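Student: The chain contents come next:
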Amino acid sequence: MNCRDCVDKLEQYVDRELSDREMRDLKVHLADCPPCEDRYKLQVEFKRLIRTSCCKPENNAPEALRKKLREILF
Amino acid sequence: MSETRKGSEFADEAINHLDSLYRGALRLTRNPEQAQDLVQDTYVRALRYQHSFEAGTNMKAWLFAIMRNLFWDRFKNLHKDDVSLDDVGDFPLYDKLKDSAEIPEAEVLDKLAAGEVVRAIEQLPPLHREVVLLVDVEGFAYKDAAQVLGIPIGTVMSRLHRARQQLQKTLFDYAAESGIVRAVGEAREERSA
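So the protein lines, in turn, are chains A and B. Going by my numbering, the first residue of the first sequence is number 445, and it counts up by one from there. Going by my numbering, the first residue of the second sequence is number 32, and it counts up by one from there.
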C-alpha cells in the first residue's frame, strides 16, 4: 500500500468500515509511515472531539421530556 | 409472550435511546423547544407503529428514521438551504497545521471548546449534518446510516467526507482567528528554547 491508497481509505479505517484484509494492510502501512500515522491520529482525535462535544451532559434530554415520554409509553 | 409484556419491553428499549434522539434533534433543529417537540412526536409515532418494528433489529436506527422523516416533513423549506460542499482537500486541518510551522495538531484540537465544535456542526448544510450526527456522534455503521437516510452507502461516504472536510476547515479558521494556533505555536517555541 502506498500513501495515496492510505489517504483514500483512512476515513473508512478510522470508522472500522474496511474489510479485515484492508484493515491489516493499512495498519502495516501506518506502522511504517510517520506522516500517514500523524494523519491517522489526527482523524481519530477529530472524530473523538465531534462525539464528545455533542455528548456533553447538557445535551441530554431534559427531565421533563423524559417524564412526559414515560407517561406516553408506559 | 403477552402483548402487554411485549409493549413494555418495546417501551423500555425505546426510552433507552432518548438522549441520543434528543441530541440528534437538537443539532437538526438547533432549537431546544423544537427538539423536544420533534422527539415527543417521534415516540408517539413509534408507539403507533410499534407492530412494524421487528424485534431484534436496530431500534435506534428505526427511531432515528422516524425522527428524520418527521423532521423533513416539518422543515421542508430547509431543502433550499442544502448547498453542496466544495472539495477543500483530503485533510484540511492536518494540511493547514503542517503549513503552520509544525504546530502539534492534537494540542490545537484540545484547545477547541465543545461549543465551537457544536457551532461548526450546526453550520453544516442539513443533509451533511445528519450524516455526521449518525456516524460520528451516534456511532452508526455506514449501512445503518444509509438505511436511516434512505440513500446508498456511497452517498453516506461522500457526504461524510465533505462534511468532515468542511468541519476541519471551519475549526481551523476559528483556531487561527481566535489565536489558538498562534498560542500553541508560541508555547511550543518557548518549550524548545
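One or more of the hints may lead you astray.
[To be verified] In silico lysine-lysine, PhoX-like type, Cα no more than 25 Å apart, as pairs:
hint, chain 1, residue 1, chain 2, residue 2
1, B, Lys200, A, Lys511
2, B, Lys174, B, Lys91
3, B, Lys107, A, Lys453
4, A, Lys471, B, Lys174
5, A, Lys491, A, Lys471
6, B, Lys142, B, Lys200
7, A, Lys453, B, Lys174
8, A, Lys500, B, Lys107
9, B, Lys107, B, Lys91
[As the list claims (entries may be wrong)] Stretches of chain B that chain A covers, calculated by requiring three or more beta carbons in the stretch to come under 8 Å of a beta carbon on chain A:
hint, region
10, 96-104
11, 140-148
12, 152-159
13, 167-176
14, 189-197
[Said to hold, decoys possible] To list a few chain B residues with every Cβ distance to chain A over 12 Å, as calculated:
hint, residue
15, Ser39
16, His82
17, Glu221
18, Arg222
Read the hints as simulated data drawn from the structure, not as lab findings. Note that the structure is a prediction, hence the values are computed from the model and not measured. A virtual CB, placed ideally from N, CA and C, is assigned to each residue, including glycine.
Student: Could you run down the list of hints and mark each one as holding or not?
Tutor: A quick look at each hint next to the structure:
Our distance criterion of 25 Å between C-alpha atoms is broken by lysine 200 of chain B and lysine 511 of chain A, whose separation comes to about 40 Å. As the CA atoms of lysine 174 of chain B and lysine 91 of chain B are separated by approximately 14 Å, the hinted pair is consistent with the 25 Å bound. For the hint pairing lysine 107 of chain B with lysine 453 of chain A, the CA-to-CA distance comes to about 34 Å; that exceeds 25 Å, so the pair is violated. Between lysine 471 of chain A and lysine 174 of chain B, the direct Cα distance comes to roughly 23 Å. Compliance with the 25 Å bound is thereby established for this hinted pair.
At most 25 Å may separate the alpha-carbon atoms for a hinted pair to count; lysine 491 of chain A and lysine 471 of chain A meet this at roughly 18 Å. The straight-line distance between the Cα atoms of lysine 142 of chain B and lysine 200 of chain B is roughly 16 Å, inside the 25 Å bound, and the hint therefore holds. Distance hint between lysine 453 of chain A and lysine 174 of chain B is fulfilled; the C-alpha atoms sit about 17 Å from each other, no more than 25 Å. For the given pair, lysine 500 of chain A sits about 29 Å from lysine 107 of chain B by alpha-carbon distance, which is inconsistent with the 25 Å threshold.
For a cut-off of 25 Å, the pair hint linking lysine 107 of chain B to lysine 91 of chain B stands: about 24 Å separates their Cα positions. Check on the region 96-104 of chain B: 0 of its residues sit with their Cβ under 8 Å from a Cβ of chain A, so the three-residue criterion for coverage is violated. Evaluation of the coverage hint for the region 140-148 of chain B: fulfilled, as 5 residues show C-beta separations to chain A shorter than 8 Å, against a requirement of three. Look at the region 152-159 of chain B against chain A: 1 of its residues bring a Cβ nearer than 8 Å to a Cβ of that chain, fewer than three, so the hint is violated.
Remark: the region 167-176 of chain B is confirmed as covered by chain A, as 5 of its residues place a Cβ nearer than 8 Å to a Cβ of that chain, reaching the required three. Figure legend: the region 189-197 of chain B, annotated as covered by chain A; annotation consistent (3 residues with Cβ-Cβ distances under 8 Å, at least 3 required). The Cβ of serine 39 of chain B sits about 7 Å from the closest Cβ of chain A, inside the 12 Å cut-off, so the non-interface label is violated. In this structure histidine 82 of chain B is separated from chain A by more than 12 Å, as the shortest Cβ-Cβ distance comes to about 15 Å.
Distance to chain A confirms glutamate 221 of chain B as a non-interface residue, since its nearest Cβ pair spans about 23 Å, more than 12 Å. Residue placement check: arginine 222 of chain B keeps its beta carbon more than 12 Å from all beta carbons of chain A (closest about 19 Å).
Checked against the numbered hints given earlier, this structure breaks hints 1, 3, 8, 10, 12, 15; the rest are met.
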